Amino acid sequence: MRLIIYSPTGTATFSQLLVDSVCREMSRRHALQVTCAEDPAELAQAAELKIITAPVEQLVRPQAALINQLKQSDPGQAWLFVGGAVAWCAEAGVATDTPLCAHWQLIDSLRIRYPAQRFCTHLYNCESRWMSAAGGLATVDALLHWFSERLGGLAQQVADVWLLDKVRMGSERQRSPLSAHLGIEEPKLLEAIALMEANVEEPLATSEIADYLTISRRQLERLFKKHLQQVPSRYYLNLRLDVAQKMLLETPLSIVDIGARCGFSSGPHFSTAYRQRFEWTPREARSRHLKKMKDERYD
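Using the UniProt record's numbering, read the sequence shown as starting at 1 and increasing by one per residue.
Hints were generated in silico from the structure; no laboratory data involved.
If you're wondering where the values come from, they're calculated on a predicted model, not measured in any experiment.
Honestly, I wouldn't trust all of these hints.
Derived pair list, reagent style DSS-like, types lysine-lysine, alpha-carbon separation capped at 25 Å [as the list claims (entries may be wrong)]:
1) K246 - K292
2) K188 - K226
3) K291 - K246
4) K225 - K188
5) K246 - K294
Here are the simulated distance ranges between beta carbons [to be verified]:
6) L137 - K71: 24 to 34 Å
7) E191 - A116: 25 to 35 Å
8) K246 - R222: 24 to 34 Å
9) D39 - V231: 49 to 59 Å
10) E191 - A260: 19 to 29 Å
11) D97 - L290: 30 to 40 Å
12) A44 - Q229: 50 to 60 Å
Beta carbons are placed, not taken as given, at the ideal position from N, Cα and C, and that holds for glycine.
Please take these sequences and the hints and turn them into a complete structure.
Encoded structure:
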């Protein structure tokens with residue numbers, strides 16, 4: 001069995017070190033050949049799995065040669081994109097039917113930059129040949145899951161060396177940054193917020209969210225008031241407006257398009273809600289931002 005691990009020169013990551021370590025441990029138990037590549041051209045070589053890693057701290061621009069390799073990939077070739085590398089998969093446009101697992105630090109920027117691609121906050125997804133892992137320790141889970149389907153108990157032996165009781169399911173969600181930031185550990189509340197974040201363009205009704213969580217609407221409202229001092233609908237609206245602001249200041253999308261992508265049925269509704277939250281209409285906010293950028297450029 002052969003694997004190729006590609007990471008651009010100068011972008012060594014924690015996830016890459018984990019990939020190397022897991023593969024090295026597996027190679028002690030199975031005839032595993034691992035090639036570490038720095039040139040995208042090396043990805044043209046045959047391998048059962050090709051792993052692409054990139055940092056999650058910031059999005060790194062992909063090389064044109066890598067994008068070409070992805071677009072020209074054989075139909076049966078398996079790929080695993082780790083951390084920031086999911087952006088390169090989205091850039092190539094080869095997996096629009098498959099949700100890519102994105103690190104919580106990147107997911108908002110990725111959704112804005114690649115609106116045609118589906119992203120999620122699960123740990124990893126190995127359900128198609130375009131596999132993805134959010135990064136960090138989810139990388140280990142993804143690799144061990146992939147190995148276990150092909151080498152059975154050998155993967156568990158590696159897990160035992162790593163003192164892992166079990167390989168986590170890919171469908172498990174990442175620890176919410178909201179949990180870390182606000183100290184909220186209420187699982188139903190965090191799951192409700194995750195649903196809101198995943199449904200910005202077509203907002204869910206509060207009752208729909210409650211039904212999904214198998215609790216009553218009243219219980220959901222009490223959770224939001226207790227921990228966030230606001231009702232679910234207000235939190236949801238502010239969340240959508242925050243996404244809209246990011247799109248407004250970081251993309252060339254039209255204001256009408258941004259409003260639609262953030263779940264507003266009409267331009268006037270979007271403009272009114274935006275002004276109530278940020279004091280300026282979307283048009284005024286973008287104009288002020290562009291003027292500020294121009295002034296800074298000529299200072």
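Looking back at the hints listed earlier, which ones does the structure fail to meet? none
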